[in-house]
Amino acid sequence: MSRFSALSLLRGAISGHKNVEPQWPNSELKSEYDVVIIGAGGHGLGAAYYLAKEHGVTNTAVIDKGWLGGGNTGRNTTIIRSNYLYDESARLYDHAVDLWDGLSQELNYNVMFSQRGVMMLAHNVHDVQSFKRHIHSNRLNGVDNVWLSPEQAKAKCPPLNISSTARYPVMGAAFQQRAGTARHDAVAWGYARAAAARGVDIVQNCPVVRISRGADGAVNGVETARGFVKAKKVAVSAAGGTSVIMDTAGVRLPLESYPLQALVSEPVKPVCPGVVMSNTVHAYISQSDKGELVIGSGTDQYVSYSQRGGLPLIEHTLAAICEVFPSFRRMRMLRKWGGVVDVTPDRSPILGKTPVGGLYLNCGWGTGGFKATPGSAHVFAHTIAKDEPHPINAPFTLSRFETGRLIDEAAAAAVAH
Amino acid sequence: MNNNTSLESLPATGRFSLRCKEQNIAVLSRALGLALPTKISLQVAANGRTALMLGPDEWVLSCECDDRPAIKEALAKVCESAPHSLTDISSRERSIRVKGREAAALLNTSCPRNLAELPSGRGVRTIFDSVQVILTREETDQYRLDIWCSFFPHVHALLSAANAEFKSGV
Amino acid sequence: MLLIRCPYCAETLPELEFEYSGEAHIARPQNPSDEPDDQWKDYLFIRSNVRGEHAEQWRHTHGCGRYFNALRNTVSDKFITTYPMGETRPDINCAGEEKNEQLAR
Amino acid sequence: MNNWRVKGKGRINTNKTVSFTFDGTAYKGYEGDTVASALLANGVHLMGRSFKYHRPRGPVTAGSEEPNALIGTSRAGQGQFEPNTKATTQEIYQGLITTSQNKWPSLNFDIGEINDRLYRLFAAGFYYKTFMWPKSFWDKLYEPVIRATAGLGKAPSHDDPDTYASRYLHTDLLIVGAGPAGLAAALTAMKSGADVVLVDENPELGGSLLFENATTLNDQACDEWLAKAVAELAAAPNVRVLTRATAIGYYHENMVGVAEKLTDHLTRVPDGAPRERMWRIRAKEVILAQGAIERPLVFGNNDRPGVLMASAAQTYLNRFGVKVGDCAAVVTTHDSAWFAAFDLADAGVKIPVIVDLRQDASQDLQRGAAERGIAVRLGHTVATVKGRKRASGITICEVNAGSQSDAVSSIACDTVLMSGGWTPSLHLFSHTKGSLIWDEENEVFLPGEKTERCHIAGAGRGLWGQQQAFDDGKHAALEALSALGQSATPNAVNVRGDRTGTGVVMEELPGAGGGSAPRAFVDFQNDVCAKDIRLAVREGMRSIEHVKRFTTTGMATDQGKLSNMNGLKIAAKQLECPVPAVGLTTFRPPYTPTTFGSFAGYHKGELFEVTRKTNIDSWAEENAAVFESVSLWRRARYFPKVGEDMDAAVLRECRQTRASVGMFDASTLGKIEVVGPDAAEFMNRIYTNPWSKLAPGRCRYGLMLGEDGFIRDDGVIGRISQDRFHVTTTTGGAARVLTMMEHFLQTEWPELDVWLTSTTEQWSTIALNGPNARKVLEPFVTDADLSAEAFPHMALKECLVAGFEARVFRVSFTGELGFEVNVPAEHGRALWELLHEEGQKHGLCVYGTEAMHVMRAEKGYIIVGQETDGTVTPADAGLTWAIGKKKPDFVGKRSLSRPDMLQADRKQLIGLLTEDPNTVLEEGAQIVEVGDTAIPAKMLGHVTSSYWSSALNRSIALALVEGGHHRDGGAVDIPMPGKTHRANVTGTVFYDPEGERLNM
Ligand SMILES: Cc1cc2nc3c(=O)[nH]c(=O)nc-3n(C[C@H](O)[C@H](O)[C@H](O)COP(=O)(O)OP(=O)(O)OC[C@H]3O[C@@H](n4cnc5c(N)ncnc54)[C@H](O)[C@@H]3O)c2cc1C
Ligand SMILES: NC(=O)c1ccc[n+]([C@@H]2O[C@H](COP(=O)([O-])OP(=O)(O)OC[C@H]3O[C@@H](n4cnc5c(N)ncnc54)[C@H](O)[C@@H]3O)[C@@H](O)[C@H]2O)c1
Ligand SMILES: Cc1cc2nc3c(=O)[nH]c(=O)nc-3n(C[C@H](O)[C@H](O)[C@H](O)COP(=O)(O)O)c2cc1C
Ligand SMILES: [Zn+2]
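Chains as they are written, first to last, in UniProt numbering: chain E, 1 to 417; chain V, 1 to 170; chain G, 1 to 105; chain L, 1 to 1000.
None of these hints come from the bench; they were simulated from the model.
Errors might be hidden in some of the hints.
[What the hints assert, rightly or not] The calculated lysine-lysine pairs, modelled on DSS-like cross-linking and capped at a C-alpha distance of 25 Å, are: (1) L:Lys797 to E:Lys290; (2) L:Lys450 to E:Lys132; (3) E:Lys290 to L:Lys191; (4) L:Lys389 to E:Lys269; (5) G:Lys78 to L:Lys140; (6) G:Lys78 to L:Lys450; (7) E:Lys269 to L:Lys450; (8) E:Lys290 to L:Lys103; (9) E:Lys269 to L:Lys350; (10) L:Lys797 to E:Lys53; (11) E:Lys290 to L:Lys938; (12) L:Lys797 to V:Lys72.
Note that the structure is predicted; figures quoted are calculated from it, not measured.
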């Protein structure tokens, strides 16, 4: 596969892009693989890439029921940060941030990782205490996260309303400079292209309907819409469909799937430099490189796979945005959409082995797994290749729900995205 | 559009939350001197006392403020034979009356219910904006909202804003 | 915004009056202390998370206040039926082969 | 002025002149004009610049599907700036200020146009392939430049002064769209008993009748019939008509969001009038009569100002009385453009040619052209448009088996009208996840299976022509009425002179291919050309979703209303795949971009969210309290005297309370009355503590866990009588606790005879604490003995306080002698004032939440949510004593014996005393083993509470620390930026460990 570069682009421009080749081939499904990964989101594609690159496992298929990157990877608000409270989480997400930094070069694909910073607003005394706790914990974990006064926050994001008479005044903010956003589609495409270049088959529009187990109880393949495929190992990275597919392997999970909505405004010239999150008023916002304000809403209360979501949430989200940014009231919503997020009881992912031999599980990222993509994919590949977890994902077991060692970022009043 | 909707804050009254299982309704009714309604949203009044059924085991009793000891006493007498809960909530809530040709439309600025389906004389617990209220349709174009005190200013402010909007004629 | 029929009020009302309360028919063990860890975990956390007909609890919080159960299709978000707390799940058959179809989105 | 007005044409009010400005120049139009129609009437076509290439653009449509003519608008003297407004829908009013966008320094001369020369570098997806070297340039150079060039208009820079409204509306039948189909439906339903709502995004009803008005309807001129129909509907009591009202989204269960513009067309806005209103209309039946959108043709330079949709030209003429040019060439694959040409010709516009790609056209059409002296070129195509800021001509050639023939001829013109046929508007239908079916013959997607109770009528079903639309609308109404159990006897509308047409659908026009040919635009705003789409497919973007995301086609502010079908056709051809197999991308709400404000509705400022205040809050406000917000409540945090900061005020409040007496408004604590013969049993199950033996008149600290074993809430609970408990909860936990109790009661233990009632707001709660507390209270209590003997710690009494019926608890959250007096809420402030006055004799001070926090920390009392965070067990918090050991079960008990809940390394609550007594640790500071401060550090826990203690005259802290209960007497380090503090581990009770002061 040819390399992308300014020069190749120029050459293409001169030739009228005559010699372009597909970024990934339209692979046919073979009858047997060493590893089948279910789900061609960023996590699944990334795992395939790292399996090939770091573990030499290339006889891999990534199978998706739809088009690659069409799950939550393609519909999230792209917030990346690692200022999580607990050591386990901080290590996992910070591993990801380390990999984000340099991912474009690694993949030879500009994923537009942009470290414009993430600011989390504190609106009451409790928020202040909670964020300070995060900041101190982050500092000692080597994760950057600093406290900003309201004025400093406004200096970083001028449209912010810091009036002390606001219903939810800004009392300060936690700010992570290394945090930011990335171009979601490019992440899926970049991994797909790089994985395909190393021989991975990416099979689209092919639902996996059953995980098959042999007489010894271990997995031996998957049933797909295009027939049975033998596999030594099966890795599930099927956000939004995890419970359903894992059920076919006889593994029931502590997951519930909720609709999560997001929206974009019409594009405008730069007005919102970094990412601003307010957990208390429930508003998340950033501005994409194209100019739209990208705004995250909440989950509807009920389990749903409809990728829809209701109007009241959007109304609440935009009311909150307008409180925090009163000048945006005259901005317009261009499009809103929904995704399906798998949520665990402690809001932390499950990433590792399962009770079934040869079956590996990556799920439960809820509303915040995009940021983890390279880190999660990297340690998941390790887990699949070595049949044992990487130290970073070792705490994120399925068994923690039985023993009680939860990693409860939500309870610790962390924010979701 | 000619606006003639009025908002009126009502004086305090006596209010109780009354709870009991179905089999004891008759005994409590007798003690109260009022046949507790047995269909949600129905309201029955007798002897200056009103009972509105809010849930399958729940009524709100309204009365004159100084009728409260009598009610307590009457029900205390049947406590053994008809277990129930009687809790004074007179101070918990305040009421507002919305009256006029556009009362329903005004309420529908923040209440998602179809008010046409609430006949006169009935009441339900529902939601107004983010606030739980008891909404009673007193007459065709007259409604009463019972609101927990700390939510009262919010509801009142919303209704006033909507009223100003109606007055503007747009 | 969904419309939900409260079996107690016998009225179909806006979702805003209701609160979702998770999967239905997960009974609390009679004697929790006798439960082994893995079964207690099942009670606490394991959910069927069905793509299709899902039995679930709702509460008519801003109405009669009652909890009740519902069957709802989680793909279309449509309610199939609601029924009072304590009743068993109605036996309403949905089309066969649902799993494959579900997986195909 | 208005040189391009046509006398006798148009529906605008030529008696009323309106002036407005565009880029600083004043223009005049008439009432009823849009910005676009008024500018066109002044000969202005250049209205904007495209997103990527900054190409000059003019309006291509006359409606809400406009991708090009986007402007900024504001109100003279008042700001209210708004970007990206469609000039084609913004009505003009006196004083309207409009500006062009995405240009510098001016619309006419725009430096950004350089991009247009470099277009080959900016091929689809180019940014994914470059800007990666050197790495550091991305953040510092590339991205900032990309960001600065992106975006269209500028975001508003001032707070929006306007207000917004919303409303729920229930109706039997909602009709979206008031063209012939929607009107027929409304006129039919009007005759039934059903309630009907008819909405249209335009300022007036009529839809396509506003421009396609040459017909005769029931023997009346079209305009005349329309006026009558509108009047009839307005007079019908069961019909509500909303204009300027766009159905933006079709949500679950037939709820349609309708955004209504109320004032943006008015010169003078009435007082109190909101700018927009969001209707949430819940209809039993819905008729979607959204019509169809004319499809552009894809050919070289098809984006030049002066190139318009044929129906747009017709609209400007027939609705606004404006001719879009003097000389308009026509390019089409559909009959309807011929009719547009005829209308324009009849109004005096020269039509030099009609170029139709089809080999044949009906005799009628050809006759019509001949009568008007219009040259016709069948089987021809347009190669390109000449001119830059305005079309100046076209080159045409023969369509020869799909490829370009050599014989190119040029035709001069100042305007080009195009029509590639029509696309049924099924956006709202698609929001419902209704399926679309490909109609092979007409090459359109039509509605398939429905998921909601809706009916599609008119052009939305691929029915062209007014007669069909009227008939279909009527039919849809009858269908909907019958579903409603209603009926009506409709009046027929007979159309004479209907101009129904047919056509074919093209992808890119054959003349446009080839490497050096000028670019042919598919998505105008986002500058996506046909070759970009082909390139995307060649790069492996085989799904239409990938094509969309790679090229951004359909992602502009018109959301592909003009581009989706052309993009799809081109992609399908490149993929060698049938159109339906490729499929459409998903339509999502809103139908047209909708202001944030209209979604937010009334929720602005004070009305954004409830602020709950206690009955005593007003006193605090009058007495200069500083407030904090705790869940929805606002609470007095401290009461500074002149010159005091928080520390000074809190110090004083603590000192005075411990020295004499302090008073605190505790009304926000949640209260629940638990009543019934099984009340104690219920309490036993819900709380960890035992309750059976608690005697009436006594109270007890209660601890509540979640089923997972972690602390959820706590509070003092009094037993009023055998079957009645007065439960208190935390301020923030009140609703949650009641919900959890109800859940268990209703779903697990329905057999219990017990009922729960929230009494939070029934009571005002005043806490009196301090050695003199009794002295302050006693004078007001005549029917009870408050002495230590008669009223010991953890007792309660129902008595009169100052004549108010009260429940008095003898409890303390400060460690001092304490009373909590509950009186009916409305008397709270009165009692407060009485006690305050009486207290002055003893130097009573009023304290806020901050002093309360300090004093309880001195006593080691936890605050749920501060010492706990949802991961703390009773044992962790040192509260094992609160667990009823003999109880077989309570909520959360089983979880406490899970393996990880018993580990010795759990984080446990301890006290910390810094080595330097003057150091007050920061709450949230992390704790490590002594000396173990290298980063990354192994953290043992964190400081949960930390204060300066006036009672101890030093700092104190509480902390959750790994294995903390075994660390007593040891030391830990607290590394802070610049300095590491050392602290000694102690018990959690710093003050009066024996509790003697409680019993004074
Ligand atoms: C609206 C929204 C906003 C969000 N915002 C953020 C944010 O700001 N920051 C952040 O970090 N995270 C965010 N998230 C979460 C984030 O998007 C996800 O956690 C993350 O993208 C998950 O990636 P993935 O690769 O695991 O899953 P996905 O990208 O969802 O990929 C899973 C794939 O599995 C496929 N699949 C499922 N079942 C099957 C089957 N049976 N057979 C074959 N294929 C199957 C699906 O088609 C899908 O393509 C957001 C999510 C949403 C919905
Ligand atoms: N000559 C031809 O070949 C041809 C082709 C197509 C259509 N037509 C004409 O189109 C007409 C079809 O009539 P019709 O009634 O189906 O359509 P119409 O276009 O006349 O009316 C549709 C109306 O709905 C409005 N609308 C669309 N979406 C809306 C939304 N979301 N919210 C609010 N309003 C919305 C439009 O602005 C318009 O006013 C006929 O008159 C027919 O002659 C003709
Ligand atoms: C970060 C981000 C930015 C987006 N920007 C746009 C945009 O500018 N225009 C647009 O039409 N859609 C935009 N979308 C939304 C997509 O069009 C699409 O709605 C989303 O990926 C979900 O897919 P679906 O709507 O096809 O289900 C954006 C999505 C994301 C995640
Ligand atoms: Zn109910």
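Against the structure, the hints come out as follows:
no.	hint	result
1	L:Lys797 to E:Lys290	violated, 67 Å
2	L:Lys450 to E:Lys132	violated, 52 Å
3	E:Lys290 to L:Lys191	violated, 51 Å
4	L:Lys389 to E:Lys269	holds, 24 Å
5	G:Lys78 to L:Lys140	violated, 50 Å
6	G:Lys78 to L:Lys450	holds, 13 Å
7	E:Lys269 to L:Lys450	violated, 40 Å
8	E:Lys290 to L:Lys103	holds, 16 Å
9	E:Lys269 to L:Lys350	violated, 41 Å
10	L:Lys797 to E:Lys53	violated, 75 Å
11	E:Lys290 to L:Lys938	violated, 42 Å
12	L:Lys797 to V:Lys72	holds, 19 Å
The structure fails hints 1, 2, 3, 5, 7, 9, 10, 11 (numbered hints given earlier, in ascending order).
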